[in-house]
Amino acid sequence: MARFNLNGKPVTVDVDPATPILWALRDTLQLTGTKFGCGVAVCGACNVLLNGNPVRSCVTPVAAAEGQRITTIEAVEADRVGKALQAAWIRHDVPQCGYCQSGQIISATALLKTKKRPNDADIDAAMAGNLCRCGTYARIRAAIHDAAKTLA
Amino acid sequence: MYYSKLMQRVGRTAAAAPLAELARRDFLKLSAGSGFALGLAPLAIAADAGKSEGLKPTQMPAAFVSIERDGTVTVQSNRIDMGQGSETGLAMVLAEELDADWATVRAVPAPLGAAYADPMYGMQMSGGSTALNHSYQQYRELGARTRAMFVAAAAAQWNVPPDQVKVANGVVSSGTRRAGFGELADAAMRQPVPEKVALKDPKAFRLIGKPTTRIATPAASRGQKSFGIDTRLPGMKTVVLAHAPVFGGKVASFDASKAKAVKGVVDVLRIDGLDRGAQAVAVVADGYWPAKLGRDALAVQWDVAGVEKVDTPQQLASYRELAGKPGIRASKISHAEQDAVLAGAARRITAEYVFPYLAHSPMEPMNCTIAFDGDRCRLIHAAQMHNVDAGTAAAVLGIPVEKVAIESVPAGGGFGRHAVPAADYVREAAQVAKAWRAAGHSSPLHIQWSREDDLRGGYYRPFTVHRAEIGLDAAGKVVAWKHRIVSQSILTGSPFEPFMVKDGVDATTVEGVSDTPYAIPVALEVHHPKVNVPVLWWRSVGHTHTAYTMETLVDEVARATNKDPVELRREWLGDKHPRHRAALDLAVAKSGYGQRQLAAGRAWGVAVHESFGSVVAYIAEVSLLEGAPVVHAVTAGVHCNLAVNPRSIETQIQGAALMGIGTTLPGAAITLKDGVVQQSNWGEYTLARISHMPKRFDVHVVPSADNPTGIGEPGLPPIAPAIANAVARLTGKVPRELPFPEKLA
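Order-wise, the sequence lines are chains S and C.
In this text, residue positions in the first sequence follow my numbering: the first is 1, and each later residue adds one.
In this text, residue positions in the second sequence follow my numbering: the first is 1001, and each later residue adds one.
Incorrect hints may have been included.
Which stretches of chain S does chain C cover? Using the computed rule of at least three CB atoms under 8 Å from a CB of chain C, they are [unchecked claim]: (1) 64-76; (2) 123-137.
Pairs of lysine-lysine residues, derived as DSSO-like cross-links and limited to a Cα-Cα distance of at most 27 Å, are as follows [what the hints assert, rightly or not]: (3) S:K115 x C:K1695; (4) C:K1695 x S:K149; (5) C:K1590 x C:K1210; (6) C:K1695 x S:K116; (7) S:K115 x S:K149; (8) C:K1695 x C:K1733; (9) C:K1695 x S:K113; (10) S:K83 x C:K1695.
Since the hints were derived computationally from the structure, they do not count as laboratory data.
Idealized CB from N, CA, C, for every residue including glycine.
Work out the full structure, taking the sequences as your base and the hints as a guide.
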C-alpha cells in the first residue's frame, strides 16, 4: 500500500511497497504513457518527476513516493515548461516510433526548470540518460532550444 | 530490385492465409464494425455476391478508407509504422488524390487481411524499405477511386454532370452547392467502385512533396500513443518467461513453489515446442512485476547437452580460417582467374574485416497479446509479417488459419526484429496460450519480454568476416579484387530460401558487394557456416557490413594511389550510375568538400552506397578526442526518387546514420561464451546516446519525379565507413573491426 499525489490528485495503490513506481502506474493505475525500456535505470524511458526531479520509475519503489508528488507525461501539459516542450516537440516533429519520448520530455522539463537557456553541452549532459534507438537526438536538441526561447 | 521479383513468388507460396477467404471475412467484419465507412456497403454486397475476389487491392477503397460523419478520414496503412514514417507517407499519398483536408486525416495499422498484401510481394508485410516504393501507385489509385465515388454521389444528388463537380480540401462542390465528405459519405458509399480513374498531374500536388508532421507526433509527444505493451484486455494476465540460457535449450526440471508463493502469481507453466525446439517456464500473473518476481524465484535446471554452445573467440578463429579457403562462387569472375592476375600485380592490398552479432534492441521490449478460446485466436502485436505469424499461431494451436485474427499495433522501434520467418515470439505466445488453456484457464495473455530477454533473444545481425585481396597494376589501376565473405545465411531454412538463396548464396549476405556499381573486377565467394545463434535482417541487412568493407577499401586504393577519394569514386562510377553521381555530387557541393580548409585535427570522410533502391552519400567531418572519433558535421546527399515527405526523409537519414554511428561504439557487440550471450542489458550493450549525434547534420535530396524508393534503411550503411575513412586520414590506419576499439590512436 502506498499513498501519494499523482498528477495533482491523491491516489492510493494497493501493491507491495517494493513495487517499482513504473508498474504501479502502468498495471495498477492504468497510466501507460510512462514506458518500460530496460528495468535497470539506464535508458530513461520510465522517467517521471518525483517532487519535480526526474527519477527512474523502473527502480524507484512506490514506498519512496509515500506522501510525495509524482508527475507523469500525462500531466506535463499542465505545467508551463512541460507544455512549451510538448509544443516544441510537435513543431520539430521529434518522435519517430515515439516510445522513448515520454521519458525524453520528462528529462527536458527538469532541465528547463533548472537552466532557462541551456547550450548544447547542457542539453547533452541533461539528456545523456535517455536512449532513443530511432536517433531523434538532433531534433530533441532543437526542440529544447526552441522551447527555451518561447519560455523566455 | 531483386527482392521484388523473388518475394512476389514467396508471397504466393509462404505460410500464407488463403487470400480469398480473408478478403471476404474482412469486408464483413469491417462493415459491421464501422457504420459510417465509405464504400463498405457496396463492397460488402459485392463480397456476398462473390465478386470481391476479382478486385485488386487498389480497387478496394472500402478496406483502406473510412469517413466519419464529422468528415474525419481514416486511412488503413498496409505497413506497420515502427518509426519509419510510412503511415504518414501513405496517408499523404491517398489524401492527395482524394483531395482531403489533411487536418482531418488519421491513419491506423491495418489488421490481417488479404487487401493489405504488399502489391509486389503478394504477402502482408513491412520490410525492405518498400512501403512507398511498392504502394505509392496503389495509394494514389485508392485515393482517386474514393474521390470519384464522391463526385458520382454529388452528381447524382445534385443532378449535375460529374465534370461539374469539384473536390477540394474535403469539400465537394458544384456551383453554389457544397457538401463536406462527412455529409456525402453515405451516398458515396452506395456508388460502384470505378474500374478506371485518372491520377493528378504531379504539378498539381499540394501534399506530396511538402514537409509534413507525422500523424502520430502529437499523441507520441503527450504519452498518448499506444503500443503493443500498452494493450489491456478484460481479465488479461501478464506472462514473463524463464528462457533457456543457450539457444534451443530444454527444461530438465523446475521447482515453482517459491514462484507460486509470490503475491499475484496465478500459475506456472512448462512450455514446449519453442523456436529451435527450446522449452521454457512461463509465470502467469496479475501484472508484470509479480510475473517478473515469480520468474526470478523459479529454480530451473536446464538441459543444454544437445545443443551447440558458441564461443565468440573460437567462432572468430574458425571464420578467419574459412575466409582463407575456397567457398561458394557468387560472381561471374572466379577466384581462380584472379589468382593469376594477383600474382602479376605491381601492388597488393590485403584486408580482413570483422563484424559482430548485433541486436536490434528496439526501445519497446518484444511482446505479444493473445486470446485463444479453443476455436479462434486473436493476436495483438506489432506484426511485420502477418501471414507468417498467423500461419504459425494456427499450426501451434491446431486451428485453421482463417480462425486467426491479427490486430496490428505500432511498434516501439523494430529495425527488422518483428519480421521473423520462424515467428519466434508469436510461436512462443501461441505455445503459452495453448498450455494456459490446457491448464484449464481462458483469459487473454500478454507475453512480455524483459530487456534481458530481448537482448538475449537471438535473431541478430550475423557475425561476419570479410577478406579481400586487391591487385593494382603499375599505373595504380585495380586489376584484381578477390573477395570472400563468411556469414551465416539468414534465409536458409526459412520460407524465403527457395527464392533468395541461389546456388547456395544468400542474397542478403552478398548485397552491396556482388552488385557493386564500381568498375572493378570483383570475384566473390561466400561461406555460410551453420551456427547455433539465430540471425535475422537488421536495418539495412547485408549492407551493414558490405558497405563498410567496400567503401573503406575504395579509400585504401585512393590512399595507395594518391587519388582524391571523391574523384576515384567518380572515376569508378563512370557515367552508368547517374543516381550515385548525383547523390555524391550533391553531398560534396553542400559540404564544401575540397572547397574549404578544415580546422586543424579534423579530416573529411566520404562514402556512398546504394541499398533498397536509394543512394546515400555522406561527407563527414571528424576529429579524434582521446582516441575516439568525434563526428562534428555530416552532409548527406540522398537519391530516393520522389520525396513524398521531405521531413520524413531527413529524419530517417539522421536516425539511420545515428544507428550506424552506434555500430562503431565500443561495446556495440553481442558476444557468446559457452553458448550464453554475455550482454544482458544496455549497460553492457552500447547504443548511441545524444552526445554521439553530430552537432550539424544536413540532409539534401536530389530532386526527382520518379516512383519513390526506400528511405528507412539506406541511410545506415555509408555512415560508419565515412567515419572510418576520416579516421584513416587522421591516423594513417583504417579500423577493420567493428565496433572500434576504445582508442584508435
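Quick rundown of the hints versus the structure:
{"no.": "1", "hint": "64-76", "result": "holds (count 4)"}
{"no.": "2", "hint": "123-137", "result": "holds (count 12)"}
{"no.": "3", "hint": "S:K115 x C:K1695", "result": "20 Å, holds"}
{"no.": "4", "hint": "C:K1695 x S:K149", "result": "19 Å, holds"}
{"no.": "5", "hint": "C:K1590 x C:K1210", "result": "21 Å, holds"}
{"no.": "6", "hint": "C:K1695 x S:K116", "result": "20 Å, holds"}
{"no.": "7", "hint": "S:K115 x S:K149", "result": "12 Å, holds"}
{"no.": "8", "hint": "C:K1695 x C:K1733", "result": "25 Å, holds"}
{"no.": "9", "hint": "C:K1695 x S:K113", "result": "24 Å, holds"}
{"no.": "10", "hint": "S:K83 x C:K1695", "result": "26 Å, holds"}
Going through the hint list in order, the structure satisfies each hint without exception.
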